[in-house]
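Construct the complete structure from the given sequences, taking the supplied hints into account.
2 protein chains.
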Amino acid sequence: EKFCSQCGTELTRMVPPGDTHERDVCESCGAVHYQNPRNVVGALPVWEDKILLCRRAIEPRYNTWTLPAGFMELGETTGQGAHRETIEEAGVNIELGPLYTVIDVPHAEQVHFFYLAKVLDPALAPGEETLEARYFRPDEIPWEELSFRTVITTLEHYLHDRETGSFPMHHYGIPIPPPKRRPA
Amino acid sequence: EKFCSQCGTELTRMVPPGDTHERDVCESCGAVHYQNPRNVVGALPVWEDKILLCRRAIEPRYNTWTLPAGFMELGETTGQGAHRETIEEAGVNIELGPLYTVIDVPHAEQVHFFYLAKVLDPALAPGEETLEARYFRPDEIPWEELSFRTVITTLEHYLHDRETGSFPMHHYGIPIPPPKRRPA
Ligand SMILES: [Zn+2]
Ligand SMILES: [Zn+2]
Chain A
14 EKFCSQCGTE
24 LTRMVPPGDT
34 HERDVCESCG
44 AVHYQNPRNV
54 VGALPVWEDK
64 ILLCRRAIEP
74 RYNTWTLPAG
84 FMELGETTGQ
94 GAHRETIEEA
104 GVNIELGPLY
114 TVIDVPHAEQ
124 VHFFYLAKVL
134 DPALAPGEET
144 LEARYFRPDE
154 IPWEELSFRT
164 VITTLEHYLH
174 DRETGSFPMH
184 HYGIPIPPPK
194 RRPA
Chain B
14 EKFCSQCGTE
24 LTRMVPPGDT
34 HERDVCESCG
44 AVHYQNPRNV
54 VGALPVWEDK
64 ILLCRRAIEP
74 RYNTWTLPAG
84 FMELGETTGQ
94 GAHRETIEEA
104 GVNIELGPLY
114 TVIDVPHAEQ
124 VHFFYLAKVL
134 DPALAPGEET
144 LEARYFRPDE
154 IPWEELSFRT
164 VITTLEHYLH
174 DRETGSFPMH
184 HYGIPIPPPK
194 RRPA
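Chains as they are written, first to last, in my numbering: chain A, 14 to 197; chain B, 14 to 197.
In case anyone wonders, no lab produced these hints; they're calculated from the structure. Each hint should be verified, as a subset may be incorrect.
[Unchecked claim] Mimicking SDA-like on lysine to any residue, the simulated pairs with C-alpha atoms at most 25 Å apart in a straight line are:
hint, chain 1, residue 1, chain 2, residue 2
1, B, Lys131, B, Phe149
2, A, Lys15, B, Gly186
3, B, Lys15, A, Pro29
4, A, Lys15, B, Val28
5, A, Lys15, B, Gln48
6, B, Lys15, A, Lys131
7, A, Lys15, B, Gln19
8, B, Lys15, A, Val28
9, B, Lys193, B, Gln123
10, A, Lys15, B, Arg26
11, B, Lys15, A, Glu35
12, B, Lys15, A, Val38
13, A, Lys131, A, Ile100
14, A, Lys131, A, Ser160
15, A, Lys131, B, Gly186
[Unchecked claim] Cβ pair distances, simulated, as ranges:
hint, chain 1, residue 1, chain 2, residue 2, range
16, A, Arg175, B, Glu23, 48 to 58 Å
17, B, Gly186, A, Val28, 48 to 58 Å
18, A, Leu109, B, His120, 15 to 25 Å
Each residue gets a CB set at the ideal place from its N, CA and C atoms; glycine is no exception.
This is the structure in structure tokens:
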């Protein structure tokens, strides 16, 4: 942030009095501009024994497969956001189940939430952010072409829990990715 | 938001092409200024059979009792934020336990997270945002002077779960408060 969103003056980076973190401060109107992590909300929609994935038509990770998910909007709950994103990206009629994974992603300054969901009608109508939507049997999941580690780990928990029939909420963090290895 | 934080130009409220929500858009540099819900992270610190509460020295809800909690910062996990807020507000040495409540508060455009925590040393050193910190036995909790419904419901879950000895993660939402009744 360079300019004050309240008055348009150039901002100063400083620790305000009584604060513990550096902020963007407006020395003209006094506004302190806080920045906060964002929430990503999504669903794991299941039809019979198959899982719905969407191939991304947007960056980051264009052309990889994801669970339907996106940024939570003002005024909605995490569940309402997950439902909205599933409709926007796959155009599918679902019944949202319980919150299933809550994942800290500090290097991305995000928290991810995935809900279990039951597909009520398997018809799909992908939106503009999706190249293609389709159902995958567990043995068909394109593990090497998934978009994000939060998607991979949510699917891993689901397939594991399916063995036992018990789907408790899982909370965990994604550590900072290791630096990419270069070929020798 | 009135001015573009990238270039200082006055913003226009509009639905950007391909979007579904109204945003603050800069017609000069093209920046779209998204706004997102914020996360509040806190802890339920326990010493022997007592719970640590802090009397707020700040608005909103000045002079009411709360669990230590505050806004999640960039670059931290929900747990790191809960630990940081507990130190800032009560100056107490804790060991953070599992994530315990995840609460949607859509009318405040927030999600709240509370962790169970074990107090390692009962010494307290309240910070500037706290008038007073002290430990309460369950029968001493000042229910009528608690700060927020997320604090009340987290304490209720804890006291209930203590009866059974099982502390699963709880996810729920706080509905919009009913309008205040006026005396007849
Ligand atoms: Zn200003
Ligand atoms: Zn601009």
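Structure-based check of all given hints:
1. Between B/Lys131 and B/Phe149 the CA atoms are separated by roughly 14 Å; this keeps the pair inside 25 Å, and the hint holds.
2. Pair hint A/Lys15 plus B/Gly186 does not hold up; C-alpha atoms about 36 Å apart against a cutoff of 25 Å.
3. Distance check on the hinted pair: B/Lys15 and A/Pro29 sit about 22 Å apart at the alpha-carbon level, within 25 Å; holds.
4. Taking the CA atoms of A/Lys15 and B/Val28, the gap is about 24 Å. The hint holds against a cut of 25 Å.
5. Straight-line distance between C-alpha atoms of A/Lys15 and B/Gln48 comes to about 17 Å, which keeps the hinted pair within the 25 Å bound.
6. Taking the CA atoms of B/Lys15 and A/Lys131, the gap is about 42 Å. The hint is violated against a cut of 25 Å.
7. Taken as a hint, the A/Lys15 and B/Gln19 pair is honoured in the structure, with Cα atoms around 5 Å apart against an allowance of 25 Å.
8. Proximity of B/Lys15 to A/Val28 is assessed by CA-CA distance (about 24 Å); at most 25 Å being required, the pair is judged to hold.
9. For the given pair, B/Lys193 sits about 22 Å from B/Gln123 by alpha-carbon distance, which is consistent with the 25 Å threshold.
10. About 20 Å separates the Cα atoms of A/Lys15 and B/Arg26, which keeps this hinted pair within 25 Å; it holds.
11. A distance of roughly 23 Å separates the Cα atoms of B/Lys15 and A/Glu35; the hinted pair therefore holds under the 25 Å criterion.
12. This hinted pair checks out: B/Lys15 and A/Val38 have alpha carbons roughly 16 Å apart, not beyond 25 Å.
13. Note on A/Lys131 and A/Ile100: the hinted pairing holds, with a Cα-Cα distance of about 13 Å set against a maximum of 25 Å.
14. Among the hinted pairs, A/Lys131 with A/Ser160 is consistent with the structure: their alpha-carbon atoms are about 22 Å apart, no more than 25 Å.
15. Restraint check for A/Lys131 and B/Gly186: the C-alpha separation of about 21 Å stays at or below 25 Å, so the hint holds.
16. Checked against the hint of 48 to 58 Å, the C-beta distance between A/Arg175 and B/Glu23 comes to roughly 53 Å, which is consistent with it.
17. Range check, B/Gly186 to A/Val28: about 35 Å between beta-carbon atoms, so the 48 to 58 Å window is missed.
18. Checked against the given bound of 15 to 25 Å, the beta carbons of A/Leu109 and B/His120, roughly 20 Å apart, stay inside it.
Violated hints, listed in ascending order, are 2, 6, 17; each of the other numbered hints is respected by the structure.
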